[in-house]
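Student: From first to last, the protein sequence lines are chains H and L.
Letter by letter, the first sequence follows residues 1 to 184 of this note's numbering.
Letter by letter, the second sequence follows residues 1001 to 1184 of this note's numbering.
Derived by calculation from the structure, the hints in this document are not laboratory data.
C-beta: ideal position from N, C-alpha, C; glycine also.
Incorrect hints may have been included.
Simulated crosslink set (PhoX-like; lysine-lysine; CA at most 20 Å straight-line) [what the hints assert, rightly or not]:
#1 L:K1050 - L:K1081
#2 L:K1066 - L:K1081
#3 H:K131 - L:K1128
#4 L:K1174 - L:K1128
#5 L:K1050 - H:K44
#6 L:K1077 - H:K131
#7 H:K44 - H:K121
#8 L:K1077 - L:K1050
#9 L:K1077 - L:K1097
Per label pair, the in silico range of CB-to-CB distance [said to hold, decoys possible]:
#10 H:G27 - L:T1106: 23 to 29 Å
#11 H:V66 - L:P1099: 54 to 60 Å
#12 H:P178 - L:S1167: 32 to 38 Å
#13 H:H39 - L:S1054: 55 to 61 Å
Covered stretches of chain L, going by a simulated chain H footprint (3 or more residues, C-beta under 8 Å) [said to hold, decoys possible]:
#14 1078–1087
#15 1128–1134
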Amino acid sequence: MSLRNDDRRWGTVARFFHWIMALAIIGNGIFGLLMDLAHGPMQKINWLALHKSIGLTVLALFLLRVLWRLIDRRPPDEPGPRWQQIAAHAVHGVLYLLIAAIPLSGWWFNSVAGKPLQWFKLFNLPSLAAKNDHIADTVFAVHEYLFWFLVAVLVVHVGAALKHHVFDKDNVLRRMMPFGRPRP
Amino acid sequence: MNAFYSALLVLALTAPAVAAAADYTVQPATSTLSFAGTFQGAGFSGTFGKWNASIRYDAAHLNASKFDVTVDLASAKTGDKDRDTALPGADFFNVAKFPQAHFVTTGFRQSGAQVLADGNLTLHGVTKPVTLNVSFKPQGAGAVLDVAGSLKRLDFGVGGGDYADTSVIAADVKITAHLQLVAK
Chain H
1 MSLRNDDRRW GTVARFFHWI MALAIIGNGI FGLLMDLAHG PMQKINWLAL
51 HKSIGLTVLA LFLLRVLWRL IDRRPPDEPG PRWQQIAAHA VHGVLYLLIA
101 AIPLSGWWFN SVAGKPLQWF KLFNLPSLAA KNDHIADTVF AVHEYLFWFL
151 VAVLVVHVGA ALKHHVFDKD NVLRRMMPFG RPRP
Chain L
1001 MNAFYSALLV LALTAPAVAA AADYTVQPAT STLSFAGTFQ GAGFSGTFGK
1051 WNASIRYDAA HLNASKFDVT VDLASAKTGD KDRDTALPGA DFFNVAKFPQ
1101 AHFVTTGFRQ SGAQVLADGN LTLHGVTKPV TLNVSFKPQG AGAVLDVAGS
1151 LKRLDFGVGG GDYADTSVIA ADVKITAHLQ LVAK
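Use the sequences and the hints to build the structure in full.
Tutor: And the structure:
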């Protein structure tokens, strides 16, 4: 177990970022879709506050993760067809973009809707834009469509990882698993 | 007209003015009645569009002074659609049952350089004492009156039930009024 990446697998820090963010993103995405099930306005206020707090946490983790990625050399690609390696990197790039863009679009929506933004009732963050009711619906649609785009990209990402694990029986998923070991 | 009748005429014209010198008419266009609270760690403020104030004031005769203010609660506006929809509702002001708030002074006192107005506020069917800081500045034929006070919203049952959570909607609400007065 190494904090840093090595040639065979992702280090503890990279795996921690990957899985904690996977959990937060998928959880918060489902939570976001369920907002309308809240019983009464106050519960919705509290649910939305939690959704926003988790989203901001994802954004903060994203920044730390990118920082770590700049410090820690990534493991070399697993052997495989060149097109698959290029496709994998392209998907990772899009995922990074969406992981930043979705919370930022939520923050933007929150700003134009003129709502406060508080992180787990601890401190407040400033608005990204002035209140503007005319564009609020559009910005919310951006937030939602970005999420559905993420779902589509995740299908590719998770599908490819499972394909490597189940059919190719290679190291692609294993080297990112929290407790698994790379195949010899 | 001889001097006697002239003197009598002057007396007749000025006597009621002297007796009523402490009564003022509010200039609604330049006067505001505001409230300010905190939601999710962020301050917000609102104004009441419809209210009436009967002001009798004389800094030299505080015991003859009196404020009597009636506020049309349905006229509250804070610039937020959700909040402005919620405020008149049963959970907050409940304007269907309690359309007006009423403040009437019970006495004035001097505290150092500050004049304080003690009074009773009836809001949401509850009457409680509220004290206001008074700043009265004679100006031309009238005066500028600024008052400021603070109340605990739950003392009046405003925002009860689910909304009683003061970690989301703060307990304290500040009241301020800026009145342009013209002597009657």
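Student: Need the status of pair K131 of chain H, K1128 of chain L: alpha-carbon distance at most 20 Å?
Tutor: Violated - the C-alpha atoms of K1128 of chain L and K131 of chain H are around 36 Å apart, more than 20 Å.
Student: Compare the distance between the alpha carbons of K1077 of chain L and K131 of chain H with 20 Å, and conclude whether the hinted pair is satisfied.
Tutor: holds (16 Å)
Student: Are P178 of chain H and S1167 of chain L spaced within 32 to 38 Å by their CB atoms?
Tutor: Hint holds: Cβ distance 35 Å, inside 32 to 38 Å.
Student: Next pair to validate is K1077 of chain L with K1050 of chain L; report whether the Cα-Cα distance is within 20 Å.
Tutor: The hint holds at about 11 Å.
Student: Would the hint linking K1050 of chain L and K44 of chain H be met if the CA-CA limit is 20 Å?
Tutor: Violated, at roughly 31 Å.
Student: K1174 of chain L and K1128 of chain L were given as a pair; does the straight-line alpha-carbon distance stay at or below 20 Å?
Tutor: The given pair, whose Cα atoms are some 15 Å apart, holds under the 20 Å limit.
Student: Under a C-beta cut-off of less than 8 Å, do 3 or more residues of the region 1078–1087 of chain L approach chain H closely enough to confirm the stated coverage?
Tutor: holds (count 5)
Student: Go ahead and decide if the range 23 to 29 Å is satisfied by the Cβ distance of G27 of chain H to T1106 of chain L.
Tutor: The hinted range 23 to 29 Å is violated for G27 of chain H and T1106 of chain L, with Cβ atoms some 56 Å apart.
Student: Using the C-beta atoms of V66 of chain H and P1099 of chain L, is the stated range 54 to 60 Å upheld?
Tutor: holds (56 Å)
Student: Are the Cα positions of K44 of chain H and K121 of chain H separated by 20 Å at most?
Tutor: Judged against 20 Å, a Cα distance of about 15 Å means the pair holds.
Student: Taking the CB of H39 of chain H and the CB of S1054 of chain L, does the distance hold inside 55 to 61 Å?
Tutor: violated (45 Å)
Student: Given the hint that K1050 of chain L pairs with K1081 of chain L, does the C-alpha gap stay at or below 20 Å?
Tutor: Roughly 19 Å between the alpha carbons, so the hint for K1050 of chain L and K1081 of chain L holds.
Hint check: violations occur at hints 2, 3, 5, 10, 13, 15; the rest are consistent with the structure.
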